[in-house]
Amino acid sequence: MPSWRPSESAVTDLYQRARADRWSVPIALFAGALERSARKAFATPPEARDLDRLLASLHLEDLALACACANGHDGAWEHFVREHRPVLYRSADAIDPTGGSRELADSLYGELFGLVERDGERRSLFEYFHGRSSLGTWLRAVLAQRHVDRVRRTRRFEPLPDEEPAPPARSEEKPLSRISEYIQLMRRAVTAAVSRLPAKDRLRLGYYYAEDLTLAQIGRALGEHEATVSRNLAKARREIRTDVERHLRDQEHMSASQIDECFAAVVEDVGALDVTDLLGVAPDQPGPGGGPGSERKASRDKRSKERPEGASA
Amino acid sequence: MPERDRDQSVDQMLRRVMSADAPPQEECLDGETMAAWSEGALLTAEASAVERHVAGCARCRALMASFIRTTPPPPVTQSLWRRWHLGWAVPLATAATVAAIWVALPKNEPAPFATAQEANERARDERTAALSSTPPELSKQAEAVPQEVPQELRQRLDEKAKVAEPVANEARQRSNATASRELTDVQAPAPAAAAAPAAGAAAAPAAIAPAAPPRVAAAERAEADAKKEAAADSALGALAARRQAFAPYQIGSPDGSLRWRIVNGQQVERSTDGGTSWTPATISSPDRLIAGASSSATVCWFVGARGAVYLTTDGSRFVRMPFTEMVDLTSVFATDALTATVSSADGRSWRTTDQGKTWSSTR
Numbered sequence: 001m002p003s004w005r006p007s008e009s010a011v012t013d014l015y016q017r018a019r020a021d022r023w024s025v026p027i028a029l030f031a032g033a034l035e036r037s038a039r040k041a042f043a044t045p046p047e048a049r050d051l052d053r054l055l056a057s058l059h060l061e062d063l064a065l066a067c068a069c070a071n072g073h074d075g076a077w078e079h080f081v082r083e084h085r086p087v088l089y090r091s092a093d094a095i096d097p098t099g100g101s102r103e104l105a106d107s108l109y110g111e112l113f114g115l116v117e118r119d120g121e122r123r124s125l126f127e128y129f130h131g132r133s134s135l136g137t138w139l140r141a142v143l144a145q146r147h148v149d150r151v152r153r154t155r156r157f158e159p160l161p162d163e164e165p166a167p168p169a170r171s172e173e174k175p176l177s178r179i180s181e182y183i184q185l186m187r188r189a190v191t192a193a194v195s196r197l198p199a200k201d202r203l204r205l206g207y208y209y210a211e212d213l214t215l216a217q218i219g220r221a222l223g224e225h226e227a228t229v230s231r232n233l234a235k236a237r238r239e240i241r242t243d244v245e246r247h248l249r250d251q252e253h254m255s256a257s258q259i260d261e262c263f264a265a266v267v268e269d270v271g272a273l274d275v276t277d278l279l280g281v282a283p284d285q286p287g288p289g290g291g292p293g294s295e296r297k298a299s300r301d302k303r304s305k306e307r308p309e310g311a312s313a
Numbered sequence: 001m002p003e004r005d006r007d008q009s010v011d012q013m014l015r016r017v018m019s020a021d022a023p024p025q026e027e028c029l030d031g032e033t034m035a036a037w038s039e040g041a042l043l044t045a046e047a048s049a050v051e052r053h054v055a056g057c058a059r060c061r062a063l064m065a066s067f068i069r070t071t072p073p074p075p076v077t078q079s080l081w082r083r084w085h086l087g088w089a090v091p092l093a094t095a096a097t098v099a100a101i102w103v104a105l106p107k108n109e110p111a112p113f114a115t116a117q118e119a120n121e122r123a124r125d126e127r128t129a130a131l132s133s134t135p136p137e138l139s140k141q142a143e144a145v146p147q148e149v150p151q152e153l154r155q156r157l158d159e160k161a162k163v164a165e166p167v168a169n170e171a172r173q174r175s176n177a178t179a180s181r182e183l184t185d186v187q188a189p190a191p192a193a194a195a196a197p198a199a200g201a202a203a204a205p206a207a208i209a210p211a212a213p214p215r216v217a218a219a220e221r222a223e224a225d226a227k228k229e230a231a232a233d234s235a236l237g238a239l240a241a242r243r244q245a246f247a248p249y250q251i252g253s254p255d256g257s258l259r260w261r262i263v264n265g266q267q268v269e270r271s272t273d274g275g276t277s278w279t280p281a282t283i284s285s286p287d288r289l290i291a292g293a294s295s296s297a298t299v300c301w302f303v304g305a306r307g308a309v310y311l312t313t314d315g316s317r318f319v320r321m322p323f324t325e326m327v328d329l330t331s332v333f334a335t336d337a338l339t340a341t342v343s344s345a346d347g348r349s350w351r352t353t354d355q356g357k358t359w360s361s362t363r
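Chains A and B are the protein sequences, given in the same order. Residue 68 in my numbering sits at position 68 of the first sequence, with consecutive numbering throughout. Residue 219 in my numbering sits at position 219 of the second sequence, with consecutive numbering throughout.
Hints listed in this document are in silico derivations from the structure and should not be mistaken for laboratory results. Glycine residues also receive a C-beta, built at the ideal position from the N, C-alpha and C atoms. Among the clues, some could well be false.
The calculated label-pair distances, taken between Cβ atoms and stated as ranges, are [to be verified]: (1) B:Arg317 <-> A:His79: 25 to 35 Å; (2) B:Thr313 <-> A:Ser24: 44 to 54 Å; (3) B:Ser48 <-> A:Ser3: 46 to 56 Å; (4) A:Ala216 <-> B:Ala20: 24 to 34 Å.
Generate coordinates for the entire structure from the input sequences, incorporating the hints supplied.
Right, here's the structure in full:
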């Protein structure tokens with residue numbers, strides 16, 4: 001019969017595999033944690049086979065440690081601090097080299113220890129750990145989450161630039177209104193072209209153009225070699241360009257010279273509208289596949305220009 | 001307009017479009033799902049759903065980007081020679097290997113902080129000091145020869161002892177600790193022989209007879225050892241030099257008053273007497289320390305793996321400074337307590353002018 005609750009024999013077996021007795025974790029507490037993991041993974045009660053498969057894939061020792069820490073076991077907490085604090089601090093330094101994330105890491109400790117009270121009861125952040133990843137990876141993800149949310153909160157209180165301020169006229173031949181119109185047109189066309197790409201391509205573009213990750217970092221995240229990342233980025237950009245050209249020609253009924261003007265308007269407008277400038281991204285980064293050796297050059301340049309997200313706040 | 005210029009336009013527009021903060025269409029992901037996704041622990045359907053969400057949600061994408069920045073690069077597991085673009089480096093590497101073997105031959109190996117001659121002298125002093133405890137045993141055993149030994153046998157022993165004496169003296173000065181142990185071991189039956197007369201004079205000749213030849217043999221062996229020693233002097237010096245080569249990495253202050261050294265890769269010791277005695281400094285790095293630089297008697301920088309940068313401004317207490325990337329730093333050049341330049345294993349460099357609080361890439 002489908003159920004989220006594992007059988008007693010399964011709980012006993014998993015308890016032993018998790019070596020939860022090291023931290024004197026009550027078996028009922030551990031069983032509750034396993035059930036929470038199952039409820040998190042399955043929207044409806046799973047078949048016994050699926051449940052067994054899920055439970056077998058959990059990071060059981062980490063789950064037992066989290067249970068023990070949430071339960072207030074001193075030895076478990078000391079072990080956790082000894083094993084994970086250096087990793088957490090290193091991650092905080094990597095996220096924000098100016099040291100801004102250290103306080104986030106410290107506040108995370110407070111929440112993990114259970115300083116936060118809800119309904120008069122001490123609640124530990126460990127209760128949100130279900131063992132589907134390792135404890136260290138989960139901590140890094142939570143820290144990154146806190147950092148991003150803080151940066152976004154800070155931005156919310158800063159005055160935002162106008163959505164599309166009127167760009168300055170660069171030449172007598174191109175009136176202001178026409179340049180603005182071309183830019184709006186290009187923006188819509190590029191947005192539509194991006195939305196038609198597969199999710200992985202959009203993710204790759206976002207990592208590269210918006211998040212300023214290096215090709216190597218993107219490659220590690222997506223399981224690709226950095227040269228493959230560069231090729232895929234170049235391919236996606238080529239598809240977008242072709243799509244935009246087709247849209248301007250077929251939908252907007254533009255002539256070849258007008259299409260040229262559209263593309264030129266974007267380049268001429270660099271600086272006045274580039275949002276990424278405001279976010280701390282250098283405007284003159286070379287694109288992927290832009291010529292011989294450009295993959296490595298792009299990677300090198302981007303790495304050297306990499307800035308923490310906190311710098312934009 | 002050439003395609004290349006159009007690509008530039010697309011680049012510019014992509015930066016704007018991809019940075020646009022569109023509201024997410026569905027509920028954002030929690031940290032554990034992100035973590036499990038990054039570890040590849042999600043089922044295919046779950047992973048696809050997460051990928052779709054992250055691709056369209058600016059917040060979750062930024063979250064993942066921050067998370068990716070905290071992920072240390074994995075060690076290189078693929079052989080460099082399997083990469084086609086490094087094929088040209090094979091003959092070069094072969095030549096470099098031959099050169100390295102030639103350089104690594106013992107006779108050519110220099111000590112990092114002492115010349116080979118100094119190292120040789122130091123090794124010899126150590127051996128002499130080690131030997132100084134053994135001669136009394138030799139002399140005692142020489143005195144232990146009983147008076148009841150027949151005259152003829154005693155005469156023969158004395159003659160051989162006279163021959164052996166200069167050699168033994170030389171051995172005392174020059175033989176190493178191993179040789180002295182051998183001598184002591186070989187002489188071990190002598191005390192038993194010395195005790196024998198107390199039991200009865202008749203037993204003495206039989207007891208002393210086997211005891212004497214080992215003494216002579218030991219002396220002869222010492223002589224041979226001494227000759228070998230002289231011949232192998234330079235080789236031993238080279239061995240000492242090789243031992244010095246594994247000595248902890250030292251950094252001296254410009255005025256020479258202070259020295260620091262890296263011990264076991266993760267601790268630092270300092271010496272105020274030119275390296276004679278060392279005391280541990282207050283630093284304990286979880287990452288391997290690789291290099292250091294001192295700009296004054298109280299200022300010293302250390303760098304190491306995974307972006308480790310430590311600085312002391314009082315000559316003893318080190319503080320870890322934040323660094324921009326999790327890279328292995330292999331060298332540091334310090335101008336003062338505020339200004340330093342560090343380099344990574346992949347050839348990049350960063351400079352700080354505010355005591356390591358911020359770093360800027362120099363290339």
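### Query
Hint by hint, which ones does the structure fall short of?
Of the numbered hints, just 3 does not hold.
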